[in-house]
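The lines below spell out each chain.
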Amino acid sequence: MPITVETPESVADVVGALGDGAIVLAGGTHVMPRINTEPHDVSALVSLRRAGLAGIDLAEGEATIGAATTLAQVGADARLAFLRPVIESIASPTIRNLATVGGNLFVEQPYGDLAVALLALDAQVDVAGPGGSGSLGVADVTGLPAGHVVTAVRFALPAEFRYTKAMRRRLNSASIVTVAAVLGPEPRLALGGAGRKPIRSASAEAVLAAGPLDRERADAAGRAALEDAEPFTDAYASAWYRGRVLPVHVRRALIGEAA
Amino acid sequence: MRSRVIELTVNDEPRELLAPPGTTLLAALRETLGLTAAKRGCAQGACGTCTVLLDGEPVMSCLVPVETIDGATVQTLEGVAGPDGGLDAVQAAFLEGFATQCGFCTSGMIMAAEALLATNPEPTRDDVARAISGNVCRCTGYESIINAVLDAATRRTAAVS
Chain A
298 MPITVETPES VADVVGALGD GAIVLAGGTH VMPRINTEPH DVSALVSLRR AGLAGIDLAE
358 GEATIGAATT LAQVGADARL AFLRPVIESI ASPTIRNLAT VGGNLFVEQP YGDLAVALLA
418 LDAQVDVAGP GGSGSLGVAD VTGLPAGHVV TAVRFALPAE FRYTKAMRRR LNSASIVTVA
478 AVLGPEPRLA LGGAGRKPIR SASAEAVLAA GPLDRERADA AGRAALEDAE PFTDAYASAW
538 YRGRVLPVHV RRALIGEAA
Chain B
45 MRSRVIELTV NDEPRELLAP PGTTLLAALR ETLGLTAAKR GCAQGACGTC TVLLDGEPVM
105 SCLVPVETID GATVQTLEGV AGPDGGLDAV QAAFLEGFAT QCGFCTSGMI MAAEALLATN
165 PEPTRDDVAR AISGNVCRCT GYESIINAVL DAATRRTAAV S
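One line per chain: the protein sequences are A and B, in this order. Following the working numbering from start to finish, the first sequence increments by one per residue and tops out at 556. Following the working numbering from start to finish, the second sequence increments by one per residue and tops out at 205.
The shape of chain A in the complex, shown without the other chains (with noise of 0.2 Å):
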């Protein structure tokens, strides 16, 4: 099918733009693979590239990313060095330079690994829409409704945060299973793989919230974290084999790989 590209200058021009048949092209790692080789029915592409959605902002322990920020910029970012090895466990450099914040929230799992990390920073998402603006949590982005785009997303930064993905090579390859954690007095642990969304695990944050984090609760959480996951099977891995080695990665993440 022939296609447009719009190139809008404001989020206003974006949202007007995006009409039947119109979706947001970002960095276009997700959106132009199935353009440029299957049959599909979008007849517009909505550039964000000159939207005036790209840049970081930290304030008051709080940090917000542009939706059209790549995910390059955020692992140059000194400001957010926590993030560097989800940024770095994603793709390759060519691809980062490309792949934007907002555009990972919409993959879907093995990949979309910084959408796992933005779940356990339990990260607002800002969108813009025809009836105006608003902010949403990550789990209910996909939800969106079409005419939707997000704009930025904003967390508090974590006192401590945890990170883990077990991939098939040490550079770019899918999730087998991706861990992110932020601890503290109301832990939060997100898990990839374990889903074709990310999925929060609320029985393995009740173990972790129960008392001080040593290798027995780490194996607990591991434990627990299975019971919220519903692993897959695709050409990475097998649903068992994620389910298998979901605790491992759970209690690596939390406390090692030496532990």
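Treat the hints with caution; some may be incorrect.
[Unchecked claim] Some chain A residues close to chain B (C-beta under 10 Å, calculated; not the full set):
hint : residue
1    : VAL302
2    : HIS327
3    : ARG331
4    : THR334
5    : PRO336
6    : LEU342
7    : PRO390
8    : ARG393
9    : ASN394
10   : LEU395
Think of the hints as simulated: they come from the structure by calculation, not from any bench. These figures come from a predicted structure and were not determined experimentally. Backbone N, C-alpha and C define an ideal beta-carbon position, used for all residues, glycine too.
Dock chain B against chain A, hints included.
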């Protein structure tokens, strides 16, 4: 659905081209500007053979609609050699280190390497592996390519000092 006039600085020269709606940067380079070093491999951003530098950063040109980058600066393999056609350090190291076999990945590999060396003139072996991790080679294998990039770094550093 009109074509749009797009201005790019390609290999240090201002270029103007007429882009039909939806044209990718890769298609504009190859089919309109006649610069065929960047290849169309997978068209999905998975193989890296279309890698060029967009405003100095290595990207997969098959994933970029050219209408979204009007005014940008693009560097392709054609712009890497000297004005007299002499090979640059990366090209020479690839040639002499047998880092090319069928050659289909080579232009992308070299552009990824150029981007690495521009910001990190003395990379470690691991730095090189990371830098080319989006570029797939199916014949030479990665060892000789990584060796060639390290060799190019040494040649450049030696030339400077």
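Double-check A:ASN394 for me: the hint is only fine if its C-beta lies closer than 10 Å to a C-beta in chain B.
4 Å, holds
Restraint outcome when A:PRO336 is required to lie within 10 Å of chain B by C-beta distance:
14 Å, violated
Hint check, A:THR334 versus chain B [nearest Cβ-Cβ separation less than 10 Å]:
5 Å, holds
Restraint outcome when A:HIS327 is required to lie within 10 Å of chain B by C-beta distance
9 Å, holds
Quick check on A:ARG393 please, does its C-beta sit within 10 Å of some C-beta on chain B?
9 Å, holds
Under 10 Å is the threshold here; is the Cβ of A:LEU395 close enough to any Cβ of chain B for the hint to stand?
Holds - the Cβ of A:LEU395 comes within 10 Å of chain B, reaching about 5 Å at its closest.
Hey, does the A:PRO390 contact hint survive, CB to chain B under 10 Å?
Status holds, d = 6 Å.
Classify the hint on A:VAL302 as holds or violated, based on whether any CB of chain B lies nearer than 10 Å to its CB.
Holds - the Cβ of A:VAL302 comes within 10 Å of chain B, reaching about 4 Å at its closest.
Against chain B, run the beta carbon of A:LEU342 and see if the smallest gap drops under 10 Å.
6 Å, holds
For the hint on A:ARG331, does the least C-beta distance to chain B fall short of 10 Å?
With a closest approach of 9 Å, the A:ARG331 hint holds.
Consistency with the previously given hints fails for number 5 only.
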